[in-house]
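S.K.: Below are the chains, spelled out letter by letter.
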Amino acid sequence: MSNEIILEAKKIGKYFYEPEKFRVLDDISFEVKRGEFVSLVGKSGCGKSTLLYVLSTMDTDYEGDLRIHNQSVTGMKQNQLAGIRNEKIGFVFQFHYLLPEFSCLKNVMIPALKLGNFSKEEIEHRALERLKMLGLADQALKPASKLSGGQQQRVAIARALINDPLIIMGDEPTGNLDSKNTDIVFDIFKQLSHEMHQTIIAVTHDNDFAKRSDRIIEMQDGKIVSGH
Amino acid sequence: MPKKINHNISSDISMTYTFSKMKLTVVAALGVTIGIAIYIFLNSMMAGFARMSDTLIFRNIAHIRVYKDDDISRPLIASENSNKKVNALVNPKIVPESQTIVNPTLLMDLLRKEKDVTMVTSQVATGIFYHKGESQIAGNTIGVNIEEADKMFDIQTTMVAGKMLDLKSTPNGILLGVGVADKLSVKVGDNISISSPKNVTKVMKVVGLFRTANSQIDKVKSFMNISAAQQILLQNPSYVTDLDVNIVDYKNAVNYSARFSALTGYKAEAWQTANETFVAASKMRSIILTSISFTVLIVAGFGIYNILSMTISQKMNDIAILKAMGFKGNDVTRIFVQQALMIGAIGVTVGLLLALLMVNILSHTYVGGDIGYFPIQFEPFVFFQGAMVGLIVTFFAGLIPARKAANVDPVSILRK
Ligand SMILES: Nc1ncnc2c1ncn2[C@@H]1O[C@H](COP(=O)(O)OP(=O)(O)OP(=O)(O)O)[C@@H](O)[C@H]1O
Ligand SMILES: [Mg+2]
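Sequence lines, in order, name chains A and B. Just so we're aligned, residue 1 is where the first sequence starts under the numbering used here, counting upward by one. Just so we're aligned, residue 229 is where the second sequence starts under the numbering used here, counting upward by one.
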């Protein structure tokens with residue numbers, strides 16, 4: 001872990017208005033360093049996913065300031081944010097994973113094809129490497145819709161890694177996995193953060209997973225109660 | 229920073245969407261196919277029909293006719309020029325003057341030198357009576373140089389009996405409309421007598437019969453040599469009543485008539501002015517067919533719009549994921565617009581072939597009369613226009629739902 005701050009949230013606040021106005025995120029402030037592996041925990045409904053969407057730059061309807069890689073992203077245009085997501089952020093969703101009409105391999109390749117830093121052959125090679133890492137080499141050419149939930153989640157993880165993003169965000173990235181595969185994913189995250197200096201922010205309900213990460217941020221009713 | 233490679237991933241995704249839901253693609257493309265085919269078919273029909281009816285009308289008249297208009301007598305006191313208003317009772321009358329065009333050869337030379345003029349001929353037109361035995365018919369005859377007149381009016385194609393060129397070698401020959409011949413019960417080789425407004429009676433030999441598209445005309449009209457027409461009117465060989473002028477583009481005749489009037493000092497009347505009802509009818513026909521063909525295309529466009537809107541609402545998840553991975557709004561728009569254009573291109577291609585088939589079938593359909601087969605043919609411009617309009621309609625039918633897709637908020641989808 002270096003001392004370089006890669007993500008900084010300053011007094012992030014957010015309201016929902018349906019069914020009635022309530023403050024779902026309440027003055028959230030914290031910093032994450034480069035190469036840090038952070039777990040975000042808290043009771044169901046405390047606002048973890050909501051916070052992660054704000055951090056991922058997809059949700060722009062919030063108060064406060066968000067800085068990623070020494071750059072304030074608050075108030076940026078949608079197209080700029082899309083560019084930042086493509087290049088710097090890998091995201092594993094809580095419920096939604098893959099494009100069903102494409103093969104697993106293609107799903108993993110899409111963000112890299114979009115970014116265009118490598119030739120198609122290199123991208124394919126890199127995608128296969130990551131699928132192999134997650135134990136899915138034999139599923140590469142299957143259509144994504146033909147995979148089990150756990151397999152799909154692992155493909156989504158492989159996809160989040162394809163562009164070597166600065167930050168990997170996961171909303172319960174191991175929620176559908178058995179303990180063996182959870183361990184595999186955990187080891188990958190550990191390795192990426194400690195050897196490749198990529199930052200991991202993972203929401204989890206798995207206490208064991210959280211305890212073994214570098215740092216636990218605990219939320220309660222839209223506030224951070226420990227770990228900032 | 230390494231140079232970025234454009235992998236065209238949007239187009240890749242668009243292809244996958246188009247070909248993984250083959251059924252939807254085919255249904256949408258079929259809509260375009262039918263729309264395009266009908267559009268092209270109707271427009272080809274219209275073009276063929278217009279060409280045919282124009283051809284038929286120019287068998288009777290030239291693009292521009294130069295003649296001496298009847299003068300109306302003017303009041304003897306020109307009230308508009310004097311300061312004192314004088315009210316004179318006048319009784320306007322046609323001035324009884326000869327219908328002649330003075331010095332026709334000079335005028336013809338002048339007209340021939342004009343830009344865009346392709347042909348100039350002179351004729352002597354007059355009303356006459358045809359007699360045979362007891363029967364007598366009022367009609368009109370045109371004294372012509374038959375070879376020139378044929379070039380202008382395509383008389384040869386209307387001939388049904390006798391030889392048109394025999395007129396040249398027979399000074400008292402006459403070509404009769406079939407209606408006239410029927411009423412007089414004469415055939416080629418028979419003699420008839422005619423009388424002119426100058427009360428000159430002359431025996432003529434029928435050398436040929438013609439049938440135009442208009443049976444009313446066939447019941448009154450005949451052609452004779454210009455010298456014979458001058459004789460029965462008791463005129464000298466320089467007497468001419470009309471100059472007929474053809475120009476390069478007959479649709480522009482109106483633009484030339486004023487100039488030719490000024491040039492010759494006689495009235496130059498464009499064919500459109502002389503046939504206002506015909507022109508209005510053509511206009512109406514083209515408005516009707518154009519609106520039908522456009523309606524069909526719009527319906528096809530709605531088909532694409534519906535199917536694309538449906539595809540997009542099924543793909544909300546994909547769109548949210550793509551946006552989360554860094555696809556911009558324009559990338560999403562491109563995916564679906566390209567899908568629409570691919571469907572459009574497939575539909576248009578098949579539609580062009582179908583239209584070709586329909587045109588081909590109709591062109592072999594016999595409708596009779598002196599028209600024969602339905603006057604329709606492959607019109608490259610109409611096909612080109614159909615393809616373009618088809619692609620433009622599909623473009624917009626795709627763009628509208630695609631723009632909506634581009635504005636989807638990924639968070640609202642992913643949170644569910
Ligand atoms: N679109 C929305 N409109 C109104 N309220 C919402 C909306 N989305 C979430 N909420 C509410 O905001 C709160 C936080 O939701 P969030 O999804 O962030 O919880 P979470 O911590 O991720 O829970 P879980 O662990 O179950 O995923 C919840 O009380 C939820 O009901
Ligand atoms: Mg959640």
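Bear in mind the hints are in silico, worked out from the structure with no lab data behind them. Any given hint could turn out to be false.
Only pairs whose alpha carbons sit at most 25 Å apart, straight line, appear in this in silico PhoX-like list of lysine-lysine [said to hold, decoys possible]: (1) A:Lys43 - A:Lys21; (2) A:Lys43 - B:Lys644; (3) B:Lys426 - A:Lys146.
What the simulated footprint calls covered on chain A by chain B, stretch by stretch (three residues with Cβ under 8 Å from a Cβ of chain B suffice, anywhere in the stretch; the number is not a length) [as the list claims (entries may be wrong)]: (4) 23-29; (5) 64-74; (6) 101-114; (7) 118-131.
Every beta carbon over 10 Å from chain B, so not counted as near; a handful from chain A, in silico [said to hold, decoys possible]: (8) Lys11; (9) Arg85; (10) Glu87; (11) Asp208.
Don't be surprised by glycine CBs; every beta carbon is placed ideally from N, CA and C.
S.K.: Evaluate each hint against the coordinates.
M.R.: Hints versus structure:
no., hint, in the structure
1, A:Lys43 - A:Lys21, "holds, 21 Å"
2, A:Lys43 - B:Lys644, "holds, 18 Å"
3, B:Lys426 - A:Lys146, "violated, 101 Å"
4, 23-29, "violated (count 0)"
5, 64-74, "violated (count 0)"
6, 101-114, "holds (count 6)"
7, 118-131, "holds (count 4)"
8, Lys11, "holds, 20 Å"
9, Arg85, "violated, 4 Å"
10, Glu87, "violated, 7 Å"
11, Asp208, "holds, 27 Å"
The structure is inconsistent with the numbered hints 3, 4, 5, 9, 10, although it conforms to all the rest.
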